Amino acid sequence: MGNNVKEQLQARFFDEVAIDFGHYWAVIKRNLFYVVVFALVMSGVAVWAAKQLTPMYLSTVSILVESKAASPVSVEEIYGFDASKKEYMKTQFEILRSRKIAEKTVRRMELHNNPIFMPESSTPSLMSQVRGWVSEVTGGAETPSARLSEEEINNAKVKATAAKLLSSVAIVLVKDTQIMELSVSSPSAELSSQIANTMADVYVENYFQEKVEMTTKATNFLTESISGLRTKLDKAEQKLSSFYEENQVVNIDGVTGLAGDRLSQLNSQLMTAQHELEANRAIYERTRQQVDRETMYSLPAILNHPAIQRTRDEELKAVRKVSELEKTYGPKHPVMVAAQAELIAIRGALESQVDELLSSIGTQYQSALERVSKLQTEVQVAEENYRRLTGLETTRSALQREVSVNQQLYDSFFSRLQETSEIMDFESSNARILDVAEVPAFPSKPNKPLIVIATFIASFGLGVVVALGLDMSNSTVRTPEDVERKLGQRMLGILPLIKGNKLALRTYFDGSNHQFSESIRTLRSSLSLLNIERQNKCIIVTSTLPQEGKSTVATNLAFALGQIEETLIIDADLRRPSIAKLFGLPKYQPGLSNLIMATHSLDECVVKDEESGLHVISAGTVPDHAQELLDSEAFANCIKALKSKYKYVVLDSAPSQSVADSLVASKVCDSVIYVVKAHDTSENLVSNGISRFLRIGSRVDGVVLNQVNVKKYSKYDSYAGYYDEYEYGKS
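Note that our numbering has the sequence shown beginning at 6, numbered continuously upward.
Since the hints were derived computationally from the structure, they do not count as laboratory data. Only a predicted model underlies this, so the values are computations on that prediction, with no experimental measurement involved. Glycine included, each C-beta is placed from N, C-alpha and C at the ideal position. Hints should not be assumed to be uniformly reliable.
Stated by the list, open to error - Under the rule of at most 25 Å between Cα atoms (straight-line distance), these lysine to any residue pairs were calculated in the SDA-like manner:
| id | residue 1 | residue 2 |
| --- | --- | --- |
| 1 | Lys164 | Thr59 |
| 2 | Lys180 | Leu196 |
| 3 | Lys504 | Gln520 |
| 4 | Lys586 | Lys453 |
| 5 | Lys169 | Leu234 |
| 6 | Lys453 | Leu58 |
| 7 | Lys56 | Leu607 |
| 8 | Lys542 | Arg704 |
As the list claims (entries may be wrong) - Restraint ranges, calculated between C-beta atoms of paired labels, are given here:
| id | residue 1 | residue 2 | range |
| --- | --- | --- | --- |
| 9 | Val342 | Thr277 | 52 to 58 Å |
| 10 | Asn118 | Gln412 | 33 to 39 Å |
| 11 | Met219 | Ala403 | 19 to 25 Å |
| 12 | Ser328 | Gln270 | 35 to 41 Å |
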């Protein structure tokens with residue numbers, strides 16, 4: 006039993022989470038008539054409103070913007086922007102919709118005085134704009150002394166009309182082209198065409214006018230600049246001429262280079278002479294030192310001299326000769342004497358050569374010293390000459406550059422002046438009209454059919470949203486679909502709403518209320534089919550709140566069951582009993598409470614209704630402890646005894662939300678029938694009430710929806726299975 010209860014609760018939760026599109030479709034169908042009526046009413050209002058709108062005519066002119074205007078000479082445009090940039094088309098777009106173009110168009114067509122474009126109804130608004138404009142100009146509030154001239158008023162009107170014109174203009178850049186489409190909307194078809202064409206003409210002419218103005222300004226600027234540049238050029242040329250005269254030079258090109266070469270040569274010669282001087286000085290100073298003869302001979306300058314080397318060789322030969330002769334001859338031998346004389350002669354010659362060489366070394370040193378001094382003087386003179394020539398060259402170059410720069414500027418400005426003068430008389434524009442604006446045959450707006458259709462669709466959608474919103478905000482149980490979708494319970498049957506006075510006790514047997522009778526029989530059949538495999542001896546009928554019709558359901562269900570089997574109905578609402586009053590029993594009639602407390606016997610408590618054959622047990626004496634009685638073992642024994650005697654025992658119990666009497670009583674019953682009043686009881690209250698029965702393990706067989714407006718809801722799908730039977734019951 007516990008698992009079944011858990012499954013039922015989980016099923017109800019997931020049913021609530023899932024979006025039931027079928028339910029929403031049913032809601033739309035149920036309210037379709039009201040939604041359509043609302044949409045039709047709003048469409049009628051839209052038709053009336055559309056008729057009040059002034060028709061507006063749209064006329065469009067196409068303008069081709071040239072990427073580069075034609076020019077008679079190859080000269081850079083003076084107008085001020087590069088037509089090759091991608092921003093060029095955007096710039097032209099902004100120029101076309103500028104206030105300047107609009108004001109020129111207004112003045113040319115006198116739109117500020119046109120009653121069609123500026124009707125009388127717009128006069129207050131126009132005057133307000135004029136007053137605001139005057140306030141801005143005067144810097145304060147308008148005073149009686151502030152008189153507007155006719156020109157000021159006219160200018161203010163032009164500005165206001167231009168603002169209105171710009172609001173009536175639409176400009177579109179055709180993608181991947183150099184075409185702009187200018188569209189103008191006005192109350193007149195002819196006026197729309199005229200404004201569009203005029204505005205396009207003004208735009209095309211504006212480029213040429215602006216270019217002429219800029220060219221004129223450029224010409225004036227160039228003329229003034231050339232005069233100043235001519236003066237500067239003359240001064241520079243005069244300076245250069247004076248330089249040549251003052252320095253007595255005609256052409257110094259290359260002279261500076263020759264002077265530089267001469268200075269380089271002298272520096273090279275000086276360095277060589279200085280090296281030679283240093284070498285001679287070292288030899289000279291060594292020879293001047295006090296040394297012996299042998300040491301003198303060993304000096305490199307003497308030793309390496311060719312003549313000295315030859316004499317030294319002869320001396321060595323003479324010495325060897327004397328040495329050899331000494332071995333053979335004596336000192337006085339003529340041969341020996343001759344050899345000695347030859348050696349002495351050679352050594353004498355050597356000394357003479359050395360003395361001459363020493364004398365020549367001194368001479369060479371003095372000569373080198375004089376050469377170095379001379380070269381130093383020449384280098385100094387060459388340096389002074391080079392510096393002088395370099396200064397002259399620098400000064401001349403600066404003067405020549407000044408002349409050249411001024412000449413180039415003068416030539417450039419003069420050439421530009423000539424080119425500008427050439428294009429002054431050449432009329433060219435960057436744009437031309439591709440397609441003129443035609444007079445439209447039909448107004449572009451308002452699109453009355455579209456307004457009406459859109460209003461109908463929007464109103465229909467709003468009606469659907471409102472219907473769904475009301476349905477979502479309505480938390481009551483209204484239809485069999487709600488029972489299954491919201492409560493997760495079986496729908497056992499519905500009871501129609503009976504208009505008039507309170508439902509009579511024996512309405513079930515009244516042939517005039519066949520729908521009610523058929524609904525009770527349907528409920529009986531549902532219970533029989535539901536419990537075909539088990540015997541539901543004891544059936545308890547309850548509801549969430551009082552006045553939901555549980556006693557009516559219990560009584561009439563007992564009547565229906567009593568027609569086929571012996572049935573007993575018990576008033577188990579011991580707090581607010583109603584069965585005794587329904588059946589006309591006296592208040593002292595012993596009933597259920599007396600039977601439980603054993604103050605009376607069963608026969609004393611049971612009363613038979615002679616008209617229906619139904620056996621009835623009233624509540625009896627109202628006790629102070631009703632719940633304890635229903636939860637007692639004595640009550641359970643009583644029900645058990647009654648189930649053995651009767652085929653069906655029907656209990657009319659107390660509402661479950663008020664007290665727990667029905668909960669404790671349901672524990673000894675085989676089936677619980679939950680009665681819900683349509684369009685009255687909150688879904689949450691009903692759901693909580695049913696959940697309480699499920700939690701204690703009671704078997705809830707389903708829900709009976711009471712007091713349903715059969716006539717209103719019989720055409721909807723969720724009631725079809727029930728009302729077909731009722732219609733059948735009419736025949």
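These are the hints, each one checked on the structure:
{"no.": "1", "hint": "Lys164 / Thr59", "result": "24 Å, holds"}
{"no.": "2", "hint": "Lys180 / Leu196", "result": "28 Å, violated"}
{"no.": "3", "hint": "Lys504 / Gln520", "result": "13 Å, holds"}
{"no.": "4", "hint": "Lys586 / Lys453", "result": "68 Å, violated"}
{"no.": "5", "hint": "Lys169 / Leu234", "result": "51 Å, violated"}
{"no.": "6", "hint": "Lys453 / Leu58", "result": "9 Å, holds"}
{"no.": "7", "hint": "Lys56 / Leu607", "result": "84 Å, violated"}
{"no.": "8", "hint": "Lys542 / Arg704", "result": "13 Å, holds"}
{"no.": "9", "hint": "Val342 / Thr277: 52 to 58 Å", "result": "53 Å, holds"}
{"no.": "10", "hint": "Asn118 / Gln412: 33 to 39 Å", "result": "60 Å, violated"}
{"no.": "11", "hint": "Met219 / Ala403: 19 to 25 Å", "result": "37 Å, violated"}
{"no.": "12", "hint": "Ser328 / Gln270: 35 to 41 Å", "result": "58 Å, violated"}
When held up to the earlier numbered hints, the structure conflicts with 2, 4, 5, 7, 10, 11 and 12 and fits the remainder.
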